[in-house]
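When you get a sec, could you build the whole thing from the sequences and use the hints?
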Amino acid sequence: MEMLVILIPVSLLLGGLGLAAFVWAVRGRQYEDPSGDAARILVKDWDERPKP
Amino acid sequence: MSAVPAASACPACLAAPAAEALAQGPTQARLMLALPTAHCAACISDVEAAMLATPGVRTARVNLTLKRVAVDAEAAVTAESLIERLAAVGFPAHELDPDALSLTENDRQGRDLLMRLAVAGFAMMNIMLLSVAVWSGAEAATRDLFHWISAAIAFPTLAFSGQPFFRSAWASIKVRRLGMDVPISLALILASSVSLAETALGGHHAYFDAAVSLCFFLLIGRYLEYRSRAVARSAAEELAALEVPRAIRLEAEGEVVVAVAALRPGDLVLVRPGARLPADGVVEEGASELDRSLLTGETAPVAVGPGAVLSAGEVNLTGPLVLRVTAAGADSSLARMAALVAAAEGAKGRYRSLADRMARGYSPMVHLLAAGSFGAWLYLSGDLRLSVNIAAAVLIITCPCALALAVPAVVTSASGRLFRKGLLIKDGTALERLAEVDVVVFDKTGTLTLGAPVAHVPVLADATDLAIARALGEASAHPHARALAGALAARGIAPVRLDAMEEVPGKGIQARWHGQPVRLGRADWVGAKAGEMSSSHLSVAGRITDFSFADALRPGAAELVQALQGQGKRVVLLSGDQPGPVGRLAGELGIRDFHAGVSPAEKAAHVAGLVRNGAKVLMVGDGLNDTAALASAHVSISPASALDAARAASDIVLLGASLEPVADALRIARQARRRIKENFALSLGYNLLAVPVAMIGLATPLIAALAMSSSSIIVSVNSLRLK
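Chains P and V, in that order, give the protein sequences. Oh and the first sequence: position 19 is 19 in full-length UniProt numbering, straight run, nothing missing. Oh and the second sequence: position 503 is 503 in full-length UniProt numbering, straight run, nothing missing.
Derived by calculation from the structure, the hints in this document are not laboratory data. There is no bait here: all hints are sound.
Chain V stretches covered by chain P per the calculated footprint, using a threshold of three residues with CB under 8 Å from any CB of chain P:
1) 53-64
2) 115-126
Between beta-carbon pairs, the in silico distance windows are:
3) V:T65 / P:R27: 17 to 25 Å
4) P:Q30 / V:R674: 35 to 43 Å
5) P:R40 / V:R385: 57 to 65 Å
6) P:R27 / V:T59: 17 to 25 Å
7) V:E253 / P:R29: 47 to 55 Å
8) P:L4 / V:L386: 27 to 35 Å
9) V:F160 / P:L13: 13 to 21 Å
10) V:W525 / P:K44: 47 to 55 Å
11) P:L4 / V:D383: 28 to 36 Å
Where a beta carbon is used, it is the ideal one built from N, C-alpha and C, also for glycine.
Okay, here's the thing in structure tokens:
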């Protein structure tokens with residue numbers, strides 16, 4: 001049972017990391033245009049060199 | 001694959017809100033343009049490349065979900081110039097007001113809900129993890145510790161994620177109503193505080209997991225609802241955007257460009273060919289032809305001369321006109337039309353959705369059950385703690401979790417299916433209303449027909465004459481000339497070189513070919529015999545060639561009318577066009593109930609009359625003259641080529657050119673309504689099973705969690721059965 005002392009904080013921390021990543025993504029407006037993002041990976045404009 | 005037949009499909013988009021220079025920031029402007037036809041990856045790069053190639057533009061980003069592009073540019077860049085550039089690459093665009101708060105407000109609300117949903121999901125998973133240990137038999141100190149940790153996670157989560165429910169419950173209590181949110185909020189608050197008390201007393205049962213997962217499932221329903229609602233916008237707002245912002249006023253010192261709002265009755269304005277009339281007025285000077293199709297549905301251009309009475313919004317086609325303004329701004333016929341739409345929307349009243357009607361009966365029931373079991377247990381056992389525990393269990397079990405998912409899950413699944421068929425559902429209750437339809441009213445021009453004339457070229461025509469006809473046709477903006485030139489170009493006929501080209505307003509176009517006069521235009525002017533159909537005539541050295549024009553039937557129209565009549569629906573045709581073409585079309589499609597020469601107000605009145613007699617009317621229309629009728633119908637559909645105002649007034653937009661998906665939409669709507677009712681039955685059935693268990697005090701947190709999740713999942717899966 002002693003391992004719970006480690007496991008519970010670890011599980012909370014990992015879940016919290018996921019949540020923080022999601023919050024960051026929403027704040028960064030990554031969910032603004034789902035269908036545009038789906039289409040954009042097919043755009044060849046910056047295939048040769050990175051977007052400046 | 002670039003834009004859909006952009007320019008031809010919607011002349012209004014090009015001509016319309018020729019925007020004024022925007023709110024001028026000192027050094028930069030942020031412009032927002034709507035791109036109704038953008039739909040693929042190529043569209044994104046075409047539009048962004050065109051924008052970035054414009055001098056002064058710093059950044060441009062297309063949002064395909066919302067079909068618009070945001071441009072950051074120097075102050076000198078106007079929306080007008082950007083719209084021109086987009087038109088050149090085949091995208092009709094029009095300006096959106098970036099200050100219109102409702103747009104950004106909507107985005108903010110969506111992000112907000114998503115955030116709450118994510119937090120609830122995170123908390124639910126962690127609490128469930130701890131609860132599994134408790135359910136499998138964690139004892140004494142371990143159980144208490146786990147309950148405390150759960151409480152520490154659950155309280156902040158509920159305080160944050162439960163806000164939408166608490167707020168709307170509070171709002172409905174203030175007006176003394178019991179919405180669905182009152183029992184939800186009560187369940188969340190009671191379950192968590194009772195569980196906290198139990199935890200403090202070292203009790204066995206805590207409902208933190210149930211409370212948080214309840215919140216999570218309910219937020220899913222909310223978010224789905226928000227997503228299907230986000231596209232909808234007010235019709236009246238968009239109508240105003242159609243008004244041309246500027247006019248050329250003739251004053252003593254010459255031509256002055258003024259804002260339309262500054263026009264007064266009695267002013268003289270100049271309207272150039274291709275421009276939209278800024279105000280109602282009487283022609284003082286000049287002759288021309290007008291395209292009235294957007295206002296009245298008439299296909300054939302109307303010739304006008306001095307003394308003719310014109311309405312704002314009509315398009316001047318061939319010659320310059322000097323107009324004496326009779327009514328401007330709020331008095332103009334365009335503004336009156338907007339008022340008509342607003343009145344129709346107001347008169348229709350809000351549709352009470354299935355979910356609303358369900359909630360009205362359900363909420364009092366839940367409270368009675370919970371209060372009843374609390375009272376009964378207190379009376380029988382005298383144990384306050386036990387009674388409160390059981391009342392909380394009853395509230396959690398009866399909480400309308402599956403009920404709250406029942407509608408949004410079906411609507412989302414059906415909208416997705418219809419979107420793939422080319423139909424955009426703007427309003428969540430549109431599907432329910434569509435399922436009830438028994439009368440279908442069609443507009444003619446632009447709805448059952450494509451709204452653009454198609455030239456019929458005589459088979460025996462001389463090749464040289466046709467080459468001359470193409471050269472003449474290309475020189476004019478008249479729709480007949482355009483259609484003729486297009487048809488001849490499609491046949492591979494090259495134009496010849498002509499000299500002394502001259503357009504005679506209201507008559508036609510003339511030129512010299514090897515010294516001989518050639519003319520293309522109206523029968524009397526060219527010297528030909530006028531036919532029954534709308535036609536144009538070519539004369540080359542006394543040789544006459546006749547071209548007739550007909551409005552082409554929209555693909556799928558015949559099949560749709562047949563399918564609707566097959567389903568036993570009454571089909572009505574209401575058109576502002578002349579009786580001749582309307583009767584011909586009705587005969588062709590087999591529509592017996594048709595009316596020609598109907599004014600916009602009569603259209604709305606006709607639809608409202610049908611509605612009053614108990615008919616559930618589906619209105620399909622595209623023009624400005626249809627908007628009031630669209631707004632007063634039970635449910636309405638407009639094609640994507642329709643005017644913005646018509647699209648905004650309708651519940652469903654048809655994205656493709658074919659009308660055929662409308663029949664599918666009716667079928668899917670009926671199916672969706674059946675699924676919604678099944679979902680209600682499922683969640684009520686689950687309550688009938690689970691509530692007695694809770695009331696006799698046998699519900700453990702495990703049973704509550706199982707019952708709630710399984711009913712929610714069953715409801716969601718049932719929604720996916722739509723075909």
